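Based on the provided sequences and hints, a complete structural model is requested.
The listed protein sequences derive, respectively, from chains A and B. Residue numbers for the first sequence, in the numbering used here: 1 to 209. Residue numbers for the second sequence, in the numbering used here: 210 to 418.
Among these hints, one or two may not hold up.
[As the list claims (entries may be wrong)] If you want a taste of the chain A side facing chain B, the calculated C-beta under 7 Å gives, among others:
no.	residue
1	Ala155
2	Leu158
3	Thr179
4	Ala186
5	Gly203
Calculated from the structure, these hints are not laboratory results. On a predicted model such as this, the values are computed, not experimentally measured, just so you know. Beta carbons: idealized from backbone N, C-alpha and C, even for Gly.
2 protein chains.
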Amino acid sequence: MTHVDTGVLFVVSGPSGVGKSTLLKHCLSVFPDISFSVSATTRDPRAGEEDGVDYHFVTRSRFDELVREDAFIEHATVYDRSYGTLRSTTRAAIDSGRSLILDIDVQGAAQVRRHMPDAAHIIVVPPNLAVLEERLRRRGTDSDEVINRRMDQVAQQLLACDVFDYVVVNDDLLEAHRTFNGIFAAELARCSRLGSVVAAVRGWAMLRD
Amino acid sequence: MTHVDTGVLFVVSGPSGVGKSTLLKHCLSVFPDISFSVSATTRDPRAGEEDGVDYHFVTRSRFDELVREDAFIEHATVYDRSYGTLRSTTRAAIDSGRSLILDIDVQGAAQVRRHMPDAAHIIVVPPNLAVLEERLRRRGTDSDEVINRRMDQVAQQLLACDVFDYVVVNDDLLEAHRTFNGIFAAELARCSRLGSVVAAVRGWAMLRD
Numbered sequence: 001m002t003h004v005d006t007g008v009l010f011v012v013s014g015p016s017g018v019g020k021s022t023l024l025k026h027c028l029s030v031f032p033d034i035s036f037s038v039s040a041t042t043r044d045p046r047a048g049e050e051d052g053v054d055y056h057f058v059t060r061s062r063f064d065e066l067v068r069e070d071a072f073i074e075h076a077t078v079y080d081r082s083y084g085t086l087r088s089t090t091r092a093a094i095d096s097g098r099s100l101i102l103d104i105d106v107q108g109a110a111q112v113r114r115h116m117p118d119a120a121h122i123i124v125v126p127p128n129l130a131v132l133e134e135r136l137r138r139r140g141t142d143s144d145e146v147i148n149r150r151m152d153q154v155a156q157q158l159l160a161c162d163v164f165d166y167v168v169v170n171d172d173l174l175e176a177h178r179t180f181n182g183i184f185a186a187e188l189a190r191c192s193r194l195g196s197v198v199a200a201v202r203g204w205a206m207l208r209d
Numbered sequence: 210m211t212h213v214d215t216g217v218l219f220v221v222s223g224p225s226g227v228g229k230s231t232l233l234k235h236c237l238s239v240f241p242d243i244s245f246s247v248s249a250t251t252r253d254p255r256a257g258e259e260d261g262v263d264y265h266f267v268t269r270s271r272f273d274e275l276v277r278e279d280a281f282i283e284h285a286t287v288y289d290r291s292y293g294t295l296r297s298t299t300r301a302a303i304d305s306g307r308s309l310i311l312d313i314d315v316q317g318a319a320q321v322r323r324h325m326p327d328a329a330h331i332i333v334v335p336p337n338l339a340v341l342e343e344r345l346r347r348r349g350t351d352s353d354e355v356i357n358r359r360m361d362q363v364a365q366q367l368l369a370c371d372v373f374d375y376v377v378v379n380d381d382l383l384e385a386h387r388t389f390n391g392i393f394a395a396e397l398a399r400c401s402r403l404g405s406v407v408a409a410v411r412g413w414a415m416l417r418d
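The structure is reproduced here in structure tokens:
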């Protein structure tokens with residue numbers, strides 16, 4: 001595998017039910033060198049969850065301190081639980097050539113854009129809204145009211161789709177996989193990220209020239 | 210298939226023997242909507258070649274006139290035969306949403322960069338120079354002198370690899386295919402090229418919002 005000098009931070013967004021998890025799972029199997037970013041969170045560990053592997057579990061006061069120290073490249077609070085991505089661990093991974101995936105919403109993506117302008121931003125969208133609503137209904141776990149509220153959130157997320165670098169329409173699954181994985185392959189083949197490869201190639205060329 | 214509003218002009222360069230044709234052939238089978246650009250040339254048609262399909266066959270005086278009119282986005286003369294890519298036909302294809310591949314050398318790529326700044330530039334490089342020289346020797350068609358001259362040309366081409374957007378190292382063929390095709394998929398999924406898709410998504414979202 002051709003290795004990048006500097007890893008890529010991949011920001012992946014998309015409404016619930018759009019098939020993002022399936023795309024991400026397949027992508028991670030194709031690119032074993034890419035991993036999920038580990039978030040800091042104030043929520044309690046669930047059974048089997050390991051500190052530093054699944055999450056960095058921190059107290060509320062520590063989390064708030066980290067926010068004040070501007071230690072996060074993005075953070076959000078959902079139902080009293082806070083989640084955030086630490087700048088230090090992200091930077092360390094990227095600088096050592098490892099690539100990371102951040103699965104976050106549009107608001108988080110905008111925060112990352114400000115802190116890490118070199119990240120690649122991908123949004124997964126459904127072929128239309130009816131398909132998504134149908135998928136949520138078919139799960140059968142939510143009431144009409146919850147589904148309606150969710151669809152309003154979906155709409156809000158999708159309104160911001162134009163600020164992403166890439167749009168993957170999850171209509172035909174095979175094509176969506178190809179496009180999604182293709183984006184990862186392409187970003188890892190960017191000349192600007194392959195300084196050592198470029199230097200090596202130019203090195204042989206100069207010796208010959 | 211998600212369709213781009215504006216096609217992508219893919220510039221593909223790489224030294225002879227690097228496996229570019231194999232990569233391109235596979236890529237075209239995966240993306241049936243992408244086709245090779247048809248060049249204008251002063252050389253005579255060979256048996257079976259069709260004007261407007263294989264090449265636009267033009268006289269020397271017509272070619273020179275086109276050069277004076279700045280009608281080419283790139284052109285080159287090799288052994289008295291001139292080849293060029295017409296701005297008009299390229300523009301028409303791109304504007305109608307069709308994507309084109311230009312298989313040209315580094316000098317041609319630099320000309321395209323000036324005329325069509327939105328093109329995606331890919332260079333295919335060997336894992337090292339010895340591999341390439343070995344491949345040329347194994348063909349058994351060229352003398353040592355010819356191979357030496359070719360290798361000097363290869364070195365010249367590779368020296369400029371840092372001006373490309375993407376570098377594909379053709380070491381492991383499967384990985385090279387994945388990266389090469391991935392670049393095409395990714396460029397076709399760029400938000401900036403998917404105006405209609407983005408507008409449609411924002412359209413539903415606004416209706417819901």
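Hint by hint, here is what the structure shows:
1. A cut of 7 Å between beta carbons decides the hint on Ala155 (chain A): the least distance to chain B is about 4 Å, and the hint holds.
2. For Leu158 (chain A), the interface hint holds, the least distance from its beta-carbon to any beta-carbon of chain B being 4 Å, beneath 7 Å.
3. At its closest, the beta carbon of Thr179 (chain A) sits 5 Å from a beta carbon of chain B; the interface hint therefore holds under the 7 Å criterion.
4. Hint on Ala186 (chain A) holds. Least Cβ distance to chain B is approximately 4 Å, under the 7 Å limit.
5. With a cut of 7 Å, the hint placing Gly203 (chain A) at the interface with chain B is violated, because the nearest CB-to-CB distance is about 10 Å.
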